[in-house]
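Chemist: Sequence:
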Amino acid sequence: MESQTILLIFLAAISALGIAVFQYLKSKKERTKRSFMLALLRFVSIFGILLLLINPKFTNTSYVLEKSNLVLAVDNSQSINYFKSTDEVTAFVASIRENKNIQEKYNISTFTFGNTLKAQDTFSFSENQTNVTSAFKELQDIYKGKVAPTVIITDGNQTYGEAYQYAAKKYKQDVYPVIVGDTTSYQDLKISQLNANRYAFLNNKFPVEIIANYNGNSAVSTKLNVFQNGRVIYSQPLSFSKEKTSEIVQVTLPVTSIGVKTYTVSLQALDAEKNTVNNKKSFGIEVIDERTNVLILTSIIHPDLGTLKKAIESNEQRNVTIKKSDEPDINLKDYQAVLLYQPNVSFKPYYETIKTLGINTFTITGTRTDYRFLNDNGELFTRELSAQVEDYQAEFNSNFSTFQVDDIGFSNFPPLVDEFGEVSIKKAHTPLLMQTISGLPTGSSLLTTIEDGAQRHAVLFGEGIWRWRAQSYLDNQSFEPFDEFVGKLIQYLASKERRNRLNINYNSFYNGGDNIVIAAQYFDKNYEFDARAKLSMVVIGERNNTRQEIPMVLKNNRYEVDLSSLTPDSYKFSVTVAGESISRSGNFEIIEFNVEQQFLSANVTPLQQIATNTNKELYSMGNSAQLITNLLENETYNPIQKQQKQIKPLIDWYYLLGIIILTLSLEWFIRKYNGLI
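Numbers 1 to 677, taken from the numbering used here, label the letters of the sequence shown in order.
Worth flagging that the hints you see were computed from the coordinates, not collected in a lab. For clarity, every value in this text was computed on a predicted model and none was experimentally measured. Each hint should be verified, as a subset may be incorrect.
To be verified - Simulated crosslink set (SDA-like; lysine to any residue; CA at most 25 Å straight-line): (1) Lys310 with Lys525; (2) Lys488 with Lys525; (3) Lys274 with Ser241; (4) Lys525 with Ser401; (5) Lys170 with Ser235; (6) Lys261 with Lys525; (7) Lys172 with Lys488; (8) Lys118 with Glu162.
Required output: the full structure, derived from the provided sequences and hints.
Modeler: Written out as structure tokens, the structure reads:
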């Protein structure tokens with residue numbers, strides 16, 4: 001406590017005593033027991049009030065030992081089970097966790113990783129994917145600014161993600177890698193990659209690229225076969241050696257009927273080959289008999305045009321043609337949707353044809369849009385004329401229900417540019433994205449859908465959508481989220497089907513090990529999303545003769561069901577709504593493929609690189625004792641004594657306030673009882 005505070009307390013006590021004496025004890029006649037009692041009560045109450053005002057505090061200093069964190073990150077994928085190392089891993093982790101000296105020195109935390117990082121100390125070894133990079137990134141966020149040496153226990157095989165040895169280099173903790181599984185190199189053939197389009201067209205041929213690899217020292221020969229429905233439809237002999245370890249095979253396969261087709265590529269096994277699971281790989285395509293043609297009509301050159309073409313054509317079912325508005329002989333009958341990019345007066349004849357033919361449109365405006373022309377000729381919206389230009393950012397409308405679409409991070413995308421001015425939309429519309437300016441909502445639509453009788457329209461108020469695709473790639477290391485968003489918008493515009501109250505979103509086929517989630521949206525009779533409905537799905541496996549009925553779970557503005565646990569098979573399903581005679585059905589196929597079984601042995605190289613980068617050893621399952629010794633002997637991780645200071649009030653204010661009220665009450669009661677007031 002500071003000396004100034006002590007002085008104030010002393011002065012407060014003197015002042016309170018002086019006031020009490022002056023009021024009750026100033027003359028000898030008044031010095032009775034009652035007066036002394038009243039003086040004492042007055043002293044306590046005044047002194048208490050002054051203490052409340054002074055609020056004296058003192059500092060309590062204590063010392064604590066802060067342990068370092070010890071992170072045990074365990075590979076929980078199926079490959080550990082495939083290597084028959086589950087008992088070894090469990091025992092290895094237990095030997096560290098149960099060591100008394102380790103417990104005294106460290107706060108131990110156990111995580112598992114596969115698809116994602118999880119804080120848990122039990123292992124199932126059932127994850128169908130391994131992403132070591134993601135585990136390092138998440139641990140970095142958890143232990144940022146802390147001391148947390150990390151023991152990573154894995155076979156070193158990663159099924160997706162960036163090269164994890166580089167993620168480990170950015171990880172600001174010491175890493176102790178522990179290798180799991182057989183590190184011996186065996187002779188092995190493998191189909192490492194298959195590249196094929198998702199769609200093919202009826203009575204056509206589609207290309208398949210097959211990458212075959214060999215690991216071994218001697219020269220070998222094998223045969224590559226492509227099967228469909230158990231029948232060989234393509235065959236080719238291959239040879240490998242120590243010098244020739246891979247071969248790329250280009251195949252074109254015919255399709256003669258519509259629907260999902262599955263194929264299996266197989267390499268004939270070598271004598272005594274240990275792992276033959278990775279000798280084959282299956283893939284699927286969907287055969288269609290028509291393509292959606294989209295016209296982009298423009299009078300200017302802009303990077304948005306190429307971006308839109310790439311995004312739309314990422315789906316092989318769609319073909320995009322870009323034409324200038326002043327080109328002759330453009331037949332709009334050849335297109336299912338027309339994208340009008342920054343319209344001006346040269347678009348006038350096309351507006352008339354679009355209305356006559358009932359073609360659906362997607363209008364994009366910007367700084368070179370002729371709004372005077374649109375205000376006079378357009379039937380969808382008008383805009384106040386202005387010479388100012390404004391940046392508009394996007395905000396996702398979570399209540400959008402015209403079709404199923406996810407928020408792909410619109411609020412983080414760069415702003416679009418358009419003229420400043422209020423927009424009036426003449427038709428009933430549903431905004432998908434709302435405008436914000438400098439983070440403040442304007443209440444106006446940035447991207448909206450409009451249904452005008454049988455016609456469907458979309459309007460985007462702003463140019464610069466090419467930046468959105470670039471930002472999507474930076475955020476996801478893939479253009480897919482953005483392209484899928486544009487694809488859904490084009491699918492909505494190109495469709496002539498009436499709007500359904502029950503819509504299902506699913507793919508025609510999935511690879512085994514994928515996260516298989518089927519989503520549905522259900523609308524009431526006013527076509528408003530109904531979050532109170534009860535939806536269920538019946539799934540029937542055609543080859544395995546299985547049947548499951550699964551309730552769908554409400555998530556945001558849609559219902560979902562997770563079918564990741566289904567085994568490879570052809571499935572048909574139906575979704576029904578309780579209490580309604582509404583249902584939708586479909587078919588999908590799960591193609592047999594387990595990426596975790598493609599590995600013959602542990603992958604030592606990246607783990608050795610991690611150990612080298614951090615000046616640590618690479619440990620095996622058999623030397624847990626050495627790892628424990630190194631963790632105990634490393635003085636960098638010794639507990640740190642930290643001083644903790646707590647500033648506390650000398651007397652808690654509520655106790656002091658209670659004493660003040662009590663003394664004042666007693667003083668009043670005594671004076672009242674004795675007729676002094």
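Chemist: Is the straight-line distance between the alpha-carbon of Lys525 and that of Ser401 25 Å or less?
Modeler: holds, 13 Å
Chemist: Given the proposed pairing of Lys488 with Lys525, does the C-alpha separation stay at or below 25 Å?
Modeler: holds, 24 Å
Chemist: Given the proposed pairing of Lys274 with Ser241, does the C-alpha separation stay at or below 25 Å?
Modeler: holds, 18 Å
Chemist: Is it true that the CA of Lys118 sits at most 25 Å from the CA of Glu162?
Modeler: Since the Cα atoms of Lys118 and Glu162 sit roughly 19 Å apart, the hinted pair holds (cutoff 25 Å).
Chemist: Hinted pair, alpha-carbon criterion (25 Å max): Lys170, Ser235. Please report holds or violated.
Modeler: violated, 46 Å
Chemist: Hinted pair, alpha-carbon criterion (25 Å max): Lys261, Lys525. Please report holds or violated.
Modeler: Not satisfied, since the Cα-Cα distance of roughly 38 Å exceeds 25 Å.
Chemist: Can you confirm whether the C-alpha distance between Lys172 and Lys488 stays at or below 25 Å?
Modeler: violated, 41 Å
Chemist: Just to be careful, I want the Cα atoms of Lys310 and Lys525 compared with a cutoff of 25 Å; is the pair within it?
Modeler: Outside the cut-off at roughly 37 Å; violated.
When the structure is compared with the earlier hints, violations turn up for hints 1, 5, 6 and 7 and for no others.
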